[in-house]
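There are 2 protein chains.
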Amino acid sequence: MVVFNQKASNGCTKSSSPSTNISKTINLDQGDPTLFEPYWRKMGDKCTMVISASDSMSYFSDAGNLCWFLEPKLSDSIKNLHREIGNAKSNSRHIVVGTGSTQLYQAALYALSSSPDRTHPISVVSAAPYYSQYPEETDYLRSGLYKWAGDAYTFDKEEDGNTNYIEVVNSPSNPDGSIREAVVKRTGGKLIHDLAYYWPQYTPITCPADHDIMLFTFSKCTGHAGSRIGWALVKDTEVAKKMIKFIELNSIGVSKESQLRAAMILGTLSDNSYRNFNSNKPELNSIGVSKESQLRAEMILGKLSDNSYQNLNSNKPELNSMCVSKESQLRAAMILGKLSDNSYQNLNSNKPDNFFEYSQCLLAERWKKLREVVKRNQLLILPDYPLEYCNFTGKFTQSHPAFAWLQCKEEDVDCEKLIKAHKMMVRGGVRFGAEKKYVRVSMLSSEGVFNLFLQRLSAIKGNFN
Amino acid sequence: MVVFNQKASNGCTKSSSPSTNISKTINLDQGDPTLFEPYWRKMGDKCTMVISASDSMSYFSDAGNLCWFLEPKLSDSIKNLHREIGNAKSNSRHIVVGTGSTQLYQAALYALSSSPDRTHPISVVSAAPYYSQYPEETDYLRSGLYKWAGDAYTFDKEEDGNTNYIEVVNSPSNPDGSIREAVVKRTGGKLIHDLAYYWPQYTPITCPADHDIMLFTFSKCTGHAGSRIGWALVKDTEVAKKMIKFIELNSIGVSKESQLRAAMILGTLSDNSYRNFNSNKPELNSIGVSKESQLRAEMILGKLSDNSYQNLNSNKPELNSMCVSKESQLRAAMILGKLSDNSYQNLNSNKPDNFFEYSQCLLAERWKKLREVVKRNQLLILPDYPLEYCNFTGKFTQSHPAFAWLQCKEEDVDCEKLIKAHKMMVRGGVRFGAEKKYVRVSMLSSEGVFNLFLQRLSAIKGNFN
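Protein chains in written order, with full-length UniProt numbering: chain A, 1 to 465; chain B, 1 to 465.
For the record, the hints were derived by calculation from the structure and aren't laboratory data.
There's no promise every hint is true.
Put simply, identical chains are the same to the list, so a pair is met inside one copy or across any two.
Taking lysine to aspartate or glutamate and the DMTMM-like style, the derived pairs with C-alpha atoms no more than 20 Å apart in a straight line are [said to hold, decoys possible]:
id, residue 1, residue 2
1, Lys241, Asp139
2, Lys24, Asp384
3, Lys89, Asp151
4, Lys245, Asp212
5, Lys241, Glu136
6, Lys147, Asp117
7, Lys185, Asp151
8, Lys42, Asp55
9, Lys42, Asp412
10, Lys245, Asp151
11, Lys24, Asp62
12, Lys375, Asp117
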């Protein structure tokens, strides 16, 4: 989920087509995921949707389903994708589609709080630093059903003997990328797991998540923020019914055009999965070769069993069924590790890579560059993330979150002001229930904006040393 | 706007592909506008949208606009259409797009009530019979900002000297099709005009509406309910800003796929407008020929100046600029009036008619059939609508509302129960703040369902006489 403020909507630099004019303020406030656009452009017509004027006119998508406005194709794509990625248990769960996960967050609050005998709003908490929009999304209508109660770590309210509460667990966390668990852990607590960023490009997939209510969004999975598609995986039928009721009352369902497009695009991710891609190369996981070399080797070797290779070797069909020896793989890994980034890109220019592989490389590269700039800078710090085994990629990797949670070493500095003075729009720590020495910076901007960010961040160092 | 209840979403007959099985319950509860589907099918590829995977990925549509998530093409189509139809003043208004007009109704409530110094929820009223969903859409979150206060006719609440209120004026009215004005008319009142049905197929367009907040929806204009697109025309900038803020917090914008499709489809309506079509034939409006003959004549004569005619007469270009004489028109009207419906349809099968003309004919025909059944039936009554001059069609016409507001002559009869016993799902009057002797019945179902409705309604008469 992401936030927009009036300031941003009133003439901020458009993230999708940023000006690289050195004098203009760049927008790193929202997490507009435009970095994925070149990948989808490369896909050409593979995921192009064609919809005629008479298609999908009815309110109903699947009248026999509890979630009558959910397109069956989207339901299938979502289940296949979770099975493929291994990031959440989706079988025997109700899928509730929403206008982004923002609408589903509110649907979940409604589902967990609406009861005819409720006399007080239930407290809603989340561990700080929490997603900056939770407080406002919870309180903007001054609901009598639920009420924002702040940081889960300091929550101890027991009004009128009522110990009920809702805790939102956002993992990996926006803003700081950390892996989270519930912290209140009291009887009467209900949990909403916001798993918007639990995808391989952002964090190692360590286990399939298995919680009562899990929220996901198309925006952060593939970068299609403009489609406004989110989904919830819900265990309890009564909770699912109430979430559906909320969406009926809030918007009478969810755009069918967006659902059908999401079904097609998410479907492609499963068809062309990384897991299948890796299934013939278990040896690479334990060799003593650099991560970059492994990735590159795996990319190239992956081509041995795909169509582009078949075309290339159309006269030598015997190659398609060969088993690549360990030695060959190792050698390929070593050699390919020495190729420059550019030559690799040229080599691959005719065929889009697997999306998660592409986006993981992209974010890893951005984080590497950012860490270099921050390292040279004596003023700022970035969080460190543990190396963990990712079940999806079959490798030990670090997190490369969608946002950088920058901390200023000096206690009294208002980091947002400092960075804004260098013409970068970022979000200050106070909005997240943290101190003003923190800021959240989007890592999902277009390449031009990201490069300007690095450039301007380097300049800040200059001012302080 | 339309309503769905749990019952309906749990296995009701799907309106878009109804079973014509005589034993099955038919759904006339919601206003699923599937009657327009054949028109759009006839349009073939004219309004087919093609969208590639890399299109419209950003949250932003128009970062420089107050409504940063509004697609500029949709804004243009909406303005052109209102100008063309003459049903609302759209110049110098802010356009706020929403996930259906349901979301915009809530955005308007928020905009008119959110103020830091509000201590009591503002009362929201509407004249009974009112749209059955207003109470629940207003109260489901138990907002501290606004509160449903029922029928505008009986509203006289002045709590703590606070005389503020919001009145929703739904005109033409859902459920009863009547033309409405504000009824409370007190200082401190704020108005929301829900004009979902103020289109030529439902009612004569007597003047361009000119109110502070006017809500429209794609669903009822063209029948594309699945797209969830609505728009508000808003005079005051501060109100528009707050409505936009609501949509940011509620769903971070509106599906771009739906907006682009709506832009294309609404754009077609303006291109191929009825007004242009009529501009050469003012004489037909006052001739003493039956309405059917006039309509048919106009349809055929309309072809004299269009492309199909040009193709037909490609060797006779001089015909394209002729003025059709009054005599020829009259004669054509007379002759064409005698053509059977079938032969007319065949005659037109190669070219779709103007949408508003098509849909007006369709609804007029349905209302005629319904009135015949009700006339034979001694138990039920339908409202009468005055003949009014429609600026758009240039003719005197009656309303042909999207819903039939049926009244049982006998006072004690629960009309909903009575009709349900004949396997028709309809909505009882109590839901609209009216008596149980009323029911609302959708006139927008598919042809098969509508015919079953007439058949079953005829059978009710049999039971009571």
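inquiry  = Within a copy, between copies, both or neither: which one fits Lys42 and Asp55 at a CA-CA cutoff of 20 Å?
reply    = Close across copies (12 Å), not inside one copy (28 Å); limit 20 Å.
query = Given identical chains, is Lys147 near Asp117, meaning Cα to Cα at most 20 Å, within a copy, between copies, both, or neither?
reply = So Lys147 and Asp117 pass the 20 Å test inside a copy (17 Å) and across (18 Å) alike.
key: 20 Å Cα threshold - placement of Asp212 relative to Lys245   = Result: close within a single copy only, 18 Å intra versus 30 Å inter.
ask   = How would you classify Lys375 and Asp117 at a CA-CA limit of 20 Å: within, between, both, or neither?
value = neither (56 Å within a copy, 48 Å between copies)
message = One pair to classify: Lys42 and Asp412, alpha carbons no more than 20 Å apart. Within, between, both, or neither?
response = Close neither inside one copy (46 Å) nor across copies (68 Å); limit 20 Å.
ask   = Within a copy, between copies, both or neither: where do Lys24 and Asp384 come within 20 Å Cα-Cα?
value = Close neither inside one copy (31 Å) nor across copies (63 Å); limit 20 Å.
inquiry  = For Lys185 and Asp151, with the copy left unspecified, which applies at a CA distance of at most 20 Å: within, between, both, or neither?
reply    = Close inside one copy (14 Å), not across copies (46 Å); limit 20 Å.
message = At most 20 Å between CA atoms: does that hold for Lys241 and Asp139 within a copy, between copies, both, or neither?
response = Intra 23 Å, inter 18 Å, cutoff 20 Å: inter-copy only.
Identical-chain pair category, Lys245 with Asp151, by Cα at 20 Å = neither (29 Å within a copy, 25 Å between copies)
inquiry  = As a check of your reading, is Lys89 near Asp151 (CA-CA no more than 20 Å) within one copy, between copies, both or neither?
reply    = neither (28 Å within a copy, 48 Å between copies)
inquiry  = One pair to classify: Lys24 and Asp62, alpha carbons no more than 20 Å apart. Within, between, both, or neither?
reply    = between (48 Å within a copy, 18 Å between copies)
inquiry  = Treating 20 Å as the Cα threshold, decide for Lys241 and Glu136: within, between, both or neither.
reply    = between (25 Å within a copy, 16 Å between copies)
The structure does not agree with the numbered hints 2, 3, 9, 10, 12 stated previously, though it agrees with the rest.
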